[in-house]
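Student: From first to last, the protein sequence lines are chains A and B.
Going by the numbering used here, the letters in the first sequence line up with residues 1 to 389, in that order.
Going by the numbering used here, the letters in the second sequence line up with residues 1 to 292, in that order.
Please keep in mind that the hints were generated in silico from the structure rather than gathered at the bench.
Fair warning: there could be bad hints in the mix.
Now the stretches of chain A that chain B is said to cover, found in silico as 3 or more residues with beta-carbon under 8 Å [what the hints assert, rightly or not]:
1. 15-25
2. 36-43
3. 303-315
The beta-carbon is built from N, C-alpha and C at its ideal position, and this holds for glycine as well.
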Amino acid sequence: MFLPLFYALRALKVPVSLTEWLALLEGLSKGLHNQSLEDFYYLSRSLLVKDVIYYDAFDQAFSHCFKNTVLPEDGVTKQQILEWLQSPVMPLRLSPEDLAALKELNLDELLGELENRLREQEDPHDGGHKWIGTGGSSPFGANGSNPAGISFATERDSGRAALQAFARKYRNLRSDLTLDIRQIGIALKRLRELRDTGIEEPLDLDATIDKTCRNAGEIDLVFARERENSIRLLLVMDSGGSMDPHRRISERLFSAANKLNHFKDFRAFYFHNCIYDKLYTNLETDECVATTEVLREYGKKYRLVVVGDAAMAPHELLHFSGTLERAESTTTGIDWIRQIAETFPRRAWMNPLPENSWTHYETVPLVGGLFPMFPLTVDGLTRAVRKLL
Amino acid sequence: MHDEPFHQFSGTEGYVASRALQDVVNVALALERPLLIKGEPGTGKTLLAHHIARALGMELILWNVKSTTKARDGLYTYDTVQRLNDARFGDGTVRDISHYIKLGPLGRAFAAPGRVVLLIDEVDKGDIEFPNDLLFELDEMRFHILETDEWVKAAHRPVVIVTSNAEKELPDAFLRRCVFHYIDFPDEAQMRAIIDVHFPGLSGELLQSACTIFFGLREVPGLRKRPSTSELLDWIRALLASGARLPDDAAPSLKSVPFLGALIKMEEDAATLSRHANRPADVRTAGHRFFR
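So that you can see chain A by itself, here it is in the shape it has in the complex:
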C-alpha cells in the first residue's frame, strides 16, 4: 500500500532497492510504526535512506505520499531546471544593439512569465529566445545574454573569459559527493609503492619454518616488517570558467583522493585557467602561495596530478599579460608549466575534455607536449596511475 513512496523515492533518484523495501515491510509487520505517522516516518527513513544527502529527497517524497501535497515544486522543478542548465552549450554573443532591443521586464512580470513557461515547458532547451535553457537570449536560464533575465546558474559567466580577473569563481572543490567516488578511489588505490617501515611485527611463517629446519629443529622465529605506502600526491586543479561543465567530475576526483586514507601525504592546490605565479589553497578566501615555493617544497618527492582542460585563449598561455592580475609579470603561462614539468619527474595531466577533441584547441597540444595527458575517465586514470608509478 505504500508503493507510491517507493516509486516517488526512485523518481527522485534515491537509491532504494527491493532489499530495503522488504526490510520496511518486515518492520511494518512487526508493528514498529506504532500506529503513528511520526514513528512510521523515522522507521521508513532509517530503512530506506542510507545517506544524509538523500534526507531532503526523502522528505519531499514522504510528504508527497502522505500529506497530500503536490510533489515538491521547487525541489523537483528546480532540480530539473538545473539539470537542463548543466549541459554545456557555448554562450550566445549578442551585439549591444541586440541587447538593447531585448525587452527589459520588471521582476514581477518576469516571475509571472517564468511560472507560465515552467508550466508549458517539458524538455531542456538550449539556445533560442523563449524557453529556459543554456545559451540563448531568453530571460530565463544560464549563461545567456539577456540583460534583464533571471539566471539559475550560481555565477554568471558573461563570456569574457580571457580576462579571468572578471570571472573568477571562488568555490572550493571540497565536497561530499558520493556517486562513483568509490570507483575512482579504487583506481587511485593502485597508486602505491610499498616500503618496509616500522618495527618488525607479523611472523613470517615460511621463513620461520625454513630457518627452524636449518637449525635442526631448534625454533628460530623470523618476523616480517609492516609495509606502508610511500607515495605522496600533489593535486593541482583548474577551477577556471571553462572548467564549469566538468566541475562535478573534478570534484569527484578530489573527494576520492581526499577520502582515500592511502597516501603518505596528499595536498591540493587550485589555479584559474592557467598556472601563473600563485597557486590557491582556498578558493573562498583567496588564500594563495607562490608557485615557486610549491615547486621548492614539493618537487621530486611528490607525484603531480594536474586536472584541467588546458583549453584557453592562446595569449593566456603565451603572453605575459594573459590576465589582468598578471599584467606586471614577465613569465608566461607556458613558462610556468614548463618549469613545473621540469620540477616533477612523475607527473600526469588529467583532461576532462574527450580525447578526440584535444586537437581542436590550440593550447592543448602545447601543454600535452610538456605533460603526459590522459582523459579524466576511470580508464584514463588507470593509465595515468601506471605512468606515475
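Got chain A; can you put chain B on it based on the hints?
Tutor: Same frame as chain A, now just chain B:
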C-alpha cells in the same frame, strides 16, 4: 514472534536522545539489523552504544577500527608464536589448537551467552573493502575457524552499532543491510537539555552566554573543525572548575573568552579566527594537509 515492547530504548539519564534517534534504535533492535550512525564528530555517536548497553542492561563489546584493521582480526587470531614457543619447551597443551585461538571482538560477541551490544567504532577508518569483508558474518552471525574446523555461531544476535565519520564511502551492499541514522547537530534547545543533563542547576546566565559564544564560534566561516558538543561540555567544566567569568556583552570579542583552547583545537583554526584573508599562507602547512 516478538513480544517485547517496541519502546526498549528511550535514552538514559546521562544521554539525551531525540525522538528520531530513539525510534531508529528501537527499529534496529526489533529488526536485528546493524545500526549505522553517522554525524558530525562530537555528536555522541560512540556514546550512544554505551548508553544503549546501559539502558538494556547488556554487556558492551568494543571494536575500534583502525586503518590497519582487517575483518579477520574481529573474528579470531591464531597465536602461532605462543604455540611454537610451547612446542619448544614441550608444554602439554600444545596439541590442542583451540588453546591458541583467541576470539576477536566480533567472535566474543557471537560466543557470548546472552545478547550483547557490539560497537564497531569508526568503520570508515578501515580499508575500503573492510565493511564488505564482514557482510557474511553480520548476515549469518556465524563464522568458521579454519584451524579447528569449528563454527562459532551466535546464540543471540548481538545488537550491532556501527559508527562512521563519512571519511570514506561505504559499499552499497553493506549499506543495504543497515538501519541508517544521521545525528543532526543539536539546536540550541536540545543543547540546553544536554547541558542540563551534565550540569544540573547551572546558572541561567552562564548557560545563556556559553551557548551564545559556542553557536557564534560555529558560525565562523573557514573553520576546519567546528567545536562540538563534547568540547562544549569540557569547556563548561573548565569554566566551572576555575570559576572564570564569561564576558557580559552581547557580542564578546574572542580574545576575552577564557579557555578558548577547549573549543578550538587546531592551530590553523586559531589562526583563522585572528587572521584576515588574502595573506599568503605558509607553504609547509598549506595545501590541505590531511593525514600523518
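Student: Return the numbers of the hints above that this structure violates; sort them in rising order.
Tutor: Per hint list: single violation, 3.
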